[in-house]
Amino acid sequence: MKSGKLSTAARREQNWGYLMVAPTIIGLVVLNVWPFIQTIYASFCEHLGFGHYKFIGLDNYINMFRDSDFWRATGNTLLFCILTVPVGIFLSLMVAILLNARVSFKSGFRTIFFLPMVCAPAAITMVWRWIFNSEYGILNQILGTRIAWVTDSRVALISCAVVAIWSAIGYDAVLLLSGLQNISKSYYEAASIDGAGKITQFFKITLPMISPTLFVTMIMRLMTSLKVYDLIYMMVEETNPALTSVQSLIYLFYRESFVAGSRGSGSAIAVWTVLLIGIVTVFQFIGQKKWVNYEV
Amino acid sequence: MRKKSMENSKRMGKIITYAALIFGSIIMIFPFVWMILTSSKTVSESMQIPPTIFPSRIMADNFAEAIASLPFLNMYINTILMIIFRVIFAVLFSSMAGYAFAKLRFKGKNFLFGIVLMQMMLPSQIFIIPQYQMVAKLGFANSVAALVFPGLVSAFGTFFLRQSYLAIPEEVGEAAYLDGCNQWQTFSKIMFPLTRSSVAALTVFTAVFAYSDLMWPLVVNSDLKMMTLSSGLATLRGQFSTNFPVLMAGSLLAMLPMVILYLIFQRQFIEGIAMTGGK
Amino acid sequence: MKKLHMIAIVFSILLMLSVTGCGSSDGRIHLTFQIWDVYQRPGMQAMCDAYTAQHPDVIIEVQATSWNEYWTKLEAAAESNTLPDIFWMHTNQLLYYADFGMLADVTHLYDDIDPNYYENHFSEISRSNASGSDGNMYGVPKDKDNGHLVYNKDMFDAAGVAYPNDDWTWDDLISASEKIYNATGKYGFMAYNDDQLGYWPFVYQAGGYILNDDRTSAGYTQPASVKGMEFYVGMQNYDWCPAQTYFTETSPATAFFSEVGAMYMEGNWNLPQLMENYPEMRGKWDIAKLPKCPDPLSGDGRATMSNGLCYSTGAHGKKLEAALDVIKYFGTEEAQRIQGENGAAIPAYLGTEETWRSAFDAYDDKLDLDIIFEQFDYAVQAVYNSASPKWKSQVLDQLTKVYSGEQDLMTGLQNMQAIVDTETAKKLADN
Chain A
1 MKSGKLSTAA
11 RREQNWGYLM
21 VAPTIIGLVV
31 LNVWPFIQTI
41 YASFCEHLGF
51 GHYKFIGLDN
61 YINMFRDSDF
71 WRATGNTLLF
81 CILTVPVGIF
91 LSLMVAILLN
101 ARVSFKSGFR
111 TIFFLPMVCA
121 PAAITMVWRW
131 IFNSEYGILN
141 QILGTRIAWV
151 TDSRVALISC
161 AVVAIWSAIG
171 YDAVLLLSGL
181 QNISKSYYEA
191 ASIDGAGKIT
201 QFFKITLPMI
211 SPTLFVTMIM
221 RLMTSLKVYD
231 LIYMMVEETN
241 PALTSVQSLI
251 YLFYRESFVA
261 GSRGSGSAIA
271 VWTVLLIGIV
281 TVFQFIGQKK
291 WVNYEV
Chain U
1 MRKKSMENSK
11 RMGKIITYAA
21 LIFGSIIMIF
31 PFVWMILTSS
41 KTVSESMQIP
51 PTIFPSRIMA
61 DNFAEAIASL
71 PFLNMYINTI
81 LMIIFRVIFA
91 VLFSSMAGYA
101 FAKLRFKGKN
111 FLFGIVLMQM
121 MLPSQIFIIP
131 QYQMVAKLGF
141 ANSVAALVFP
151 GLVSAFGTFF
161 LRQSYLAIPE
171 EVGEAAYLDG
181 CNQWQTFSKI
191 MFPLTRSSVA
201 ALTVFTAVFA
211 YSDLMWPLVV
221 NSDLKMMTLS
231 SGLATLRGQF
241 STNFPVLMAG
251 SLLAMLPMVI
261 LYLIFQRQFI
271 EGIAMTGGK
Chain S
1 MKKLHMIAIV
11 FSILLMLSVT
21 GCGSSDGRIH
31 LTFQIWDVYQ
41 RPGMQAMCDA
51 YTAQHPDVII
61 EVQATSWNEY
71 WTKLEAAAES
81 NTLPDIFWMH
91 TNQLLYYADF
101 GMLADVTHLY
111 DDIDPNYYEN
121 HFSEISRSNA
131 SGSDGNMYGV
141 PKDKDNGHLV
151 YNKDMFDAAG
161 VAYPNDDWTW
171 DDLISASEKI
181 YNATGKYGFM
191 AYNDDQLGYW
201 PFVYQAGGYI
211 LNDDRTSAGY
221 TQPASVKGME
231 FYVGMQNYDW
241 CPAQTYFTET
251 SPATAFFSEV
261 GAMYMEGNWN
271 LPQLMENYPE
281 MRGKWDIAKL
291 PKCPDPLSGD
301 GRATMSNGLC
311 YSTGAHGKKL
321 EAALDVIKYF
331 GTEEAQRIQG
341 ENGAAIPAYL
351 GTEETWRSAF
361 DAYDDKLDLD
371 IIFEQFDYAV
381 QAVYNSASPK
391 WKSQVLDQLT
401 KVYSGEQDLM
411 TGLQNMQAIV
421 DTETAKKLAD
431 N
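Protein chains in written order, with the numbering used here: chain A, 1 to 296; chain U, 1 to 279; chain S, 1 to 431.
Keep in mind that the hints are not guaranteed to be accurate.
As the list claims (entries may be wrong) - Examples of chain U residues lying across from chain A (beta carbon under 7 Å, computed):
(1) S25
(2) F93
(3) R105
(4) F106
(5) L152
(6) T158
(7) L214
(8) M255
(9) I270
It should be emphasised that the hints constitute simulated quantities derived from the structure, not laboratory data.
Quick caveat, the model's predicted, so the values are computed rather than measured.
Ideal Cβ placement from N, Cα and C applies to all residues, glycine included.
So that you can see chain A by itself, here it is in the shape it has in the complex:
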């Protein structure tokens, strides 16, 4: 290896390696990497129409950074993450802990919490919009309020986050539950003997032991939230007055690229979003060293 010459067996192994990753790598390059490179290129161009581009340097980025809608979309995306990730994960963890207790009908509860996962997002958003309807919706009726859940710019993003959490809680809870179930009972027994209360047990045993699963769940949720589009698009249409205070980066990308046909500036938004995801992910992986416990 060091000399650069491979033995026959090693070379054969290498060939097998290439052969076996080939479909996936070729597929990813053709389907994803190449389009992404094109996106990066397009972000420095103006789209004249029908795939004709004119190189304009950094103009798209300069305009983007000057655009208040863009900054709002960035803010909305981050706020959506803050709403869905910590709150969502916390609730999921609660559900997982409850389900991990010795309860009868456990699989029934699990089935119920997981149900939204197997429903078409279009169906889910439709029923929630109907529930949220300010005039005829059941939610205002139950609460006795008159809140415009999806059209008031102050609450619309929260409403979207509620639906996102509701949809994902079962998925996250199932992941966390499997983490919880891997914790050996003996830890808790030992702690009980030492006189540790439930809450101490949670912080000293449960949390550290489940931290790797928690980390994976969090990363997955964070990725989904940073890339959120479908859900907001279906909850808040383009004519909704709350649009600018709800639209996520990918939503803005969609409107620029697909609706207005400005694929250059759309691409700049996409590149920015990928950068943001990259930065957040790197921070997550650095941060995890402080709290994720891989010793078990």
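Following the hints, position chains U and S against chain A.
Showing chains U and S alone in chain A's frame:
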């Protein structure tokens, strides 16, 4: 005394646990109940102030209208075919790549694996137009193959199955090698069967995500008859705008097959998903 | 692991089948015909059937998708030269496509029959809707439409208000709305934030304009336009008009057909499906001309927007000749008649318009369809230029901000003016 108070607190804990679980379940179930109730109301009934809870009569009209507007049978078939093919591809190619990344030594492995990791960070919307153009140029737009196309390879699947191959001890491969297996045989005869539960997990994961894919079928396929359930349902909104009873009826029809499948195979579903959390 | 190989083999076979399945080689010419309105599929199919009956060597497949995806896909297809063989074109997009050379020029399509075919058989608006900036025809006119009033007879009766008639003015609209609201508690005219079915006709009724005659500059800040806008947007301040946030959750049509409001503006193309979809409402509603401006700054105060689609084909299509022959047929009296008789849309071909009435034959309760045909006399062509796709949604955003109170009407109009002018100038410079 002390024992009694402990038992009391234990009972209290139980009660709180059940109360919380039941409360949570109600929140989870309620939208579905509301969907069912709304689906048999008339529009004017659905827009009463204050809202009526129960429909005045069980009405099939909304379902009839939804069925008249959407080719549900085609959509069921398309969805099933799309899921089956995407799962087969994801499992086949991801297993191969996952195995190679975990067990084989070859130059540039880290770089290539980096591509896999990077793909997971990219938002899928940016691929829609380029991928559509590939499909159109290859001449198979408006077909089931077009629905499957973006799912030919799976970065997540590769990443996930690599984890399970990493967990298989090196000795297993060495033993196979000594038995005279080549790499492909080691993989297909020895290693692949060992990852059965991960493959099941990937199957569920792929199926759930293929099912919820919204934009791609809408763009690549030009006719409602070639839509999947999720995307077809989205077009119903274009036709009935805010006529919620019909929309709810359509939603129920679109959800039903997956929900039934889920209820039958719920254990496999949930255990499959649980595995995608790693470890 | 034999199974794995088996799966791979079976799969590749299936994939081959599904790929080759669409390009079948039976010696006939296969054409695809892309439309965006599911409700018009039967009408389009009937026309295709009539064509293929005369040309057995051609097979036409009608594909109906939804509006939003239609344009995403069509542009991507045009770019990769994979346009459907025949497709509908909308005025909003036609100039963009035509100016880029994407559409086949059909100006001389009928020269063998009559060099003035278009002039003789289609109205000026229809022809204009199918023309590019260079004045050539890039599509065969398909249909025409206009916007009109829809009203609930029961609510008018309950409030003791006479039904809207030809002489109705803006003032009548206001006073009827008020009376109905006071008497029944139902909404009056539901003024919705839209252009073609919203403020456009009101601007033209007042004597204003959205785009000038050569479509190079907007007219939002013209006094007459401001007058129209002030009236239209101002309606929202009355108790009898729901706020725009209401319409986000409940479309005017839904509100109307659940008997929550008494009037709204509708496009005639939606009428057949409204009759079909709301059986319990049949007989309770009717249609009327849009009210006129009582004191327009110019003109007689009458206007409605009229739009029309056309049939186009790509300039570089592989089956261009076959496709041209089909759209040539689509522009004949026979085909336009079939379109009308199937209730798909009002045919553009002069003299066949009334065939569209048969869309309502199935219903005992009749609508006053005459008003739609009469409105064509003073209808204004829906306003578009080649930069429309760029400014249309931005302009709507500005109006949304006016409605929500984020900016006042004059600021909004100035912004709208600036947006249209800038985008248009940019487009003109690019060409």
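The hints, checked one at a time:
no., hint, result
1, S25, "5 Å, holds"
2, F93, "4 Å, holds"
3, R105, "6 Å, holds"
4, F106, "3 Å, holds"
5, L152, "5 Å, holds"
6, T158, "5 Å, holds"
7, L214, "5 Å, holds"
8, M255, "5 Å, holds"
9, I270, "5 Å, holds"
Going down the numbered hints, you'll see the structure goes against none, and every one checks out.
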